[in-house]
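Colleague: Sequence:
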Amino acid sequence: MEMKNKVVLVTGGGTGIGKATSLMLGKRGAIVAVNYSRSRTDAEETVRLINHQDGRAIAVQADVSQDEEVRNMTDTIVQQFGTIDLLVNNASITRHIPMDNLEAATGEVWDELFDVNVKGMFYCARAVAPFMKKQNGAIVNLGSIAGQTGLGSSLPYAVSKAAVHGLTKSLARALAPDIRVNCIVPGAVATRWWTGREAQMNRLAPNLPLQRISTPEDIAAMICTALEQEAMTGQIITVDSGQTL
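If you read the sequence shown in our numbering, its first letter stands for residue 1, the second for the next number, and so on.
Derived by calculation from the structure, the hints in this document are not laboratory data.
Do not rely on the hints blindly, as some may be mistaken.
Result set (PhoX-like, lysine-lysine): computed pairs, CA atoms no more than 20 Å apart in a straight line [said to hold, decoys possible]:
#	residue 1	residue 2
1	Lys133	Lys169
2	Lys4	Lys133
3	Lys27	Lys4
Using C-beta positions, here's what the derived DEER-type ranges look like [to be verified]:
#	residue 1	residue 2	range
4	Asp111	Lys134	33 to 41 Å
5	Gly29	Lys134	19 to 27 Å
6	Arg126	Arg48	27 to 35 Å
Each residue gets a CB set at the ideal place from its N, CA and C atoms; glycine is no exception.
I would like the entire structure built from these sequences, with the hints used as guidance.
Modeller: Shown next, in the form of structure tokens:
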């Protein structure tokens, strides 16, 4: 699938992997809707960079955990560009809780993480599906090796990402043959997630088979490839410098 003039919604598109993906899609000629919840300044800067490179982009606000906001965001994009061809379900949150501190994994934490990380991805997929079915669209969800290993920033986060992997397979079946759905699973990535823990990240790198931490651009490149690949659906693709070997 050619990216040129395709309308792409990137949730959480103003920072980290979302920003790198938005910029890469813009360079490939896509029309990018950069979603944000609270990071308006970051989203608008991402849009500025895309437009400065002769691309087309808009920033659009919505809390993906709120179905009505997602539907309104979708309507805004369709009103401006006529349709939505592709979706990158990137928006996610976490809480940093020691894995063995079960008492800190409160109901509030579980609800917050599942509302954004799982239900939010479902809401976005459901909202865009009617438009994508008309032109054989594609969805890429962002998982995590935490969902494969069970180890992550918190127990609820790891479980939420395992749910994203399952959601990917279920959506791939539910939306076939019109819409392809795949999942990119990053390991450690050099984003602001590591703020305050840079030393820990630097200690990790030499112990990885490829001896490097992935960059947001590494993940963005695989996201773009998954969007373009027309013979693939329901796949969980790990990009982690060998971290899970």
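Colleague: Next step is simple, just say for each hint if it's right about the structure.
Modeller: Structure-based check of all given hints:
no.: 1; hint: Lys133 <-> Lys169; verdict: 18 Å, holds
no.: 2; hint: Lys4 <-> Lys133; verdict: 19 Å, holds
no.: 3; hint: Lys27 <-> Lys4; verdict: 9 Å, holds
no.: 4; hint: Asp111 <-> Lys134: 33 to 41 Å; verdict: 35 Å, holds
no.: 5; hint: Gly29 <-> Lys134: 19 to 27 Å; verdict: 20 Å, holds
no.: 6; hint: Arg126 <-> Arg48: 27 to 35 Å; verdict: 31 Å, holds
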